[in-house]
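With chain A's structure known, arrange chain B on it following the hints.
Chains as they are written, first to last, in the numbering used here: chain A, 2 to 576; chain B, 2 to 576.
One or more hints might be untrue.
One copy or any two copies: either way a pair holds, since identical chains are not told apart in the list.
As the list claims (entries may be wrong) - Calculated pairs, DSBU-like style, for lysine-lysine (alpha carbon to alpha carbon, straight line, at most 30 Å):
| no. | residue 1 | residue 2 |
| --- | --- | --- |
| 1 | K217 | K273 |
| 2 | K553 | K11 |
| 3 | K286 | K313 |
| 4 | K562 | K110 |
| 5 | K383 | K464 |
Everything labelled a hint here was simulated from the structure, so no lab data went into it.
Protein chains: 2
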Amino acid sequence: MGKLLRINTKEKTFAFEEVPDAYAALGGRALTSQMVLDEVPATCHPLGKNNKLIFAPGLLSGSPAADSGRLSAGAKSPLTGGIKESNAGGLVSQKLAKLGIKALILEGKPEGNDYSMIVINNDGVEILPAGNLEKKGNYAVMEAMWDKYGKNTGVLSIGQAGEQCLKGASINQADINGRPGRAHGRGGLGAVMGSKRIKAIVVNDKGAPRVELQDKDAFKTANKRWVEMLHNHPVTGEGLPALGTAVLVNVINEAGAFPTKNFRSGRFDHAKDISGETIAETIEKRGGVTTEPCHPGCVIKCSNVYHDKDGKYLTSGFEYETIWAFGAHTTIKELDDIAMLDRLCDDFGLDTIEMGVTLGVAMEGGMIEWGDGKTAIDLLGKVGEYAPEGKIIGNGALFTGDALGVDRVPVVKKQALPAYDPRSCKGVGITYATSPMGADHTAGYGVTANILGVGGTVDPLKKEGNIALSQGLQVATAAVDAAGLCLFVAFAVLDNEDGLQTVVDMLNAQYGLSLTTDDVIALGKAILNNERAFNRKAGLTEVDDQLPEMFKESFPPHNTKWDFSNEDLQETLKF
Amino acid sequence: MGKLLRINTKEKTFAFEEVPDAYAALGGRALTSQMVLDEVPATCHPLGKNNKLIFAPGLLSGSPAADSGRLSAGAKSPLTGGIKESNAGGLVSQKLAKLGIKALILEGKPEGNDYSMIVINNDGVEILPAGNLEKKGNYAVMEAMWDKYGKNTGVLSIGQAGEQCLKGASINQADINGRPGRAHGRGGLGAVMGSKRIKAIVVNDKGAPRVELQDKDAFKTANKRWVEMLHNHPVTGEGLPALGTAVLVNVINEAGAFPTKNFRSGRFDHAKDISGETIAETIEKRGGVTTEPCHPGCVIKCSNVYHDKDGKYLTSGFEYETIWAFGAHTTIKELDDIAMLDRLCDDFGLDTIEMGVTLGVAMEGGMIEWGDGKTAIDLLGKVGEYAPEGKIIGNGALFTGDALGVDRVPVVKKQALPAYDPRSCKGVGITYATSPMGADHTAGYGVTANILGVGGTVDPLKKEGNIALSQGLQVATAAVDAAGLCLFVAFAVLDNEDGLQTVVDMLNAQYGLSLTTDDVIALGKAILNNERAFNRKAGLTEVDDQLPEMFKESFPPHNTKWDFSNEDLQETLKF
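This is chain A alone, in the form it adopts within the complex (with noise of 0.2 Å):
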């Protein structure tokens, strides 16, 4: 049944609740988010006392399942003002799951700024002096743990963008190699942590039982499907262990959804010297690894390991959407550069797309030049030296676009779009619009049938049968994300008539329950339900369901225009 670990940062106490009832078929997403509706004052100041902190392992995570180790994060988001769930992969959920910790909750806040760090492990809780890990890097604080508390240990921290509380700070976690190239990234989550000055959270499940399965024949036979199931995909079995995710850029640059230059055209002159293809090649060349998984018993591993042209360690994780965010929209061409600013990133601890979007508005702003890579390491490195520039642009596209006087700044609920135009992938972008999180394309992917021709078709470019796609692509990720699965199982569920239903069967069998795919569904509806009440109460309106001006502009090279109205959005969550 598990434990809820509560955490006084001010007292430095903590304490294991039993889990109420009506938590009980919670986890991940589903656990975050209603903790923080049922837990967190909707009006309170996200860095202040009454926000709390949130970490929740997937319903299957820690079980044999494939590419169940996602975990969720949750709080009132610093960046939008509303709630947030960010997950992320690594080793934390699996480890918190054996540890039989259903969730780790961060309350309260200390009155001077010493930083702490937790240690969670079989034979309890240790809440300790952060001591010379102040003002590190995520590289260095991880280096350092694993150092003390050995290799493979789960770790959460935050770099100096959480410690300054900044809207775009990340929390990250250690990778399979120990480095901090996984993140909860969007929402500024790190700042959550970082006002409760908590500088890293360690997990180490030695000595811990495993997961039960209440019958294990039965999870045996599911996972044996899901497993092939995610193997024979296309998508999930060749093209993102073969390219990573930076496959996407060939192909969404050539369905003219590329965003260019601060979103003002859907083809980026030099797509090829940052798509999939050219960096798998330089990773062969240079030596790094081209398919690695973000945390054991992933079967896709889309992510990597990126070197340097001296062959040295540079950057891993290296993703699409950050390859996007700074390059097309930054037109920074340079692969190299783009990797450094993703390191910097990580190692700071700010989430990379709206650090790319950042640059780009910086750019829109004149604070640097367009395409100018090396200037933009330059800039983004002020972040790590707490200057003021840092602190502008660690606050994300919206601030900085305030702080330069900037009227064409792409965000929804304050977050940056990410990596697909939502003129020309209509079905994401009403995701955009609508989800309770801003805007976030893992919310509800409807480049899946826009573009990818998974699940269906969906023409991109109209309006027709875009609602109900991004309607039932919400609902189905947010039931993903309370199992803790990696987003990308979508595509085989998608594609295989029994594909919701391994999953249904991996939770019965796990849990002794006999839920149905509807119950699931009707899990995803809850989901949302609650994170709209949230952002409700908090203040969040109709109007915060809509993208910016900026977006009534013609999009080259299809001339499309965002098209829908405010009754036409409101449609899309309303069940």
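What follows is chain B alone, placed relative to chain A:
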């Protein structure tokens, strides 16, 4: 009847239009708020081409009515995201009225960054390149304008803050000495003017006829009684002329409502050092002016000219709110430092309330030390240098708090609170919370009955009566702002049975109408309803009608708390 003058800032063209019937009976705030509601899309970017900046003289402006020379400026606010009306004295309101211009509307947005200036006189309108006025402060701009266009020319201009489109930017008006001592301070309207690349507006009424009065005798009689009332009231006839608005320092400090060190207590140990008495004494010693009107025809004359220790001009229009914001709020106690901060704000074009509160927030966040006037001057100076620190603090208290990770930021609707603590002066606290303008004492000055014993008495420390007090004052103030009258006339209006009737008599005599006091009350309500309607369309909700969390703290010396519920507050402007 007058005309509307529309200026297209992109095309650099202008047009005079007939006044629609619906606007015929409106002036000042009544007209700007109606036009913003009618013409500005509520969800537009405040710095984008769809926002409009509208100036309107009050209904009595240009007439001989005492203290009727206030000009309203209206737009969607870059600071609050809602509607804004900010009025100021100076020379422009009366001149526009004499030129028959009922409203001046700046529309559109140029594509480049070149600034223009607008010259309006009896011969017509010119839109000229601003040339070397660019990047100049308001002192230099106004001096250049008076040199070129003659003394007593009306000037509206922005300084470096407006050019940078900062949320704290004001629009300044030349005072009777041609200095920028008067400001449309609140809500960042200078940024809207900057976004439209208008550096200055020059208004000359040479050759224009007098404002027509339908019944000259009746007007004369009413105005005579009006002047008598203003002269005979102890506040407008004695306190304000003698000591200026800073007469309030000792009064509010004594009442325990003088917010000190970012609203931590209601008494400032060094209040005496920055009191009206000390200021008047200092001015007399050094040579300056203690009793000066902010516009011709003012009989209260609460403005001043303040010299430095060498007897040279330092600043003017040195007001209570400014002295509080840079003084008690930041714990700076050196009057000359405070005066220098005021001067910098006038020169760069910044709202002194917003900037003072911002400096306190910067101290809260450790950017500079509490009470350190010299460092505060250096920091504020960064705005004039176009430096990153300036882009942070110039964007106001909330922005600075966000940049620094401070969760203790005294704002409502993102606008900084003025100089009366809402816990120990609850009537004005209700106004802060519920005014469509954001935290603004001038929107419903509950200090009257709470502390000054004007218009009755309502206990400032208790809930009882304060919602009704604020409601009545907000309605009356909206009407006063429509008339173009100085807010301080409210003292005489509240304490004379025939006060409001006298204003109505002047309106009737000028326009040949037969309005009643009920009509004027109805006008006030209509203004507030319009403003709330705009805000709702812009996405503001009941959540925005509340004080921030920090006011739940107990406030010494009376140890009062903010104890109004959302339901209580929603009663205030329910008509």
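Each hint tested on the structure:
no.: 1; hint: K217 x K273; verdict: neither (47 Å within a copy, 79 Å between copies)
no.: 2; hint: K553 x K11; verdict: between (47 Å within a copy, 19 Å between copies)
no.: 3; hint: K286 x K313; verdict: within (12 Å within a copy, 72 Å between copies)
no.: 4; hint: K562 x K110; verdict: between (45 Å within a copy, 22 Å between copies)
no.: 5; hint: K383 x K464; verdict: neither (42 Å within a copy, 48 Å between copies)
Of the hints listed earlier, those the structure fails to meet are numbers 1 and 5, in rising order.
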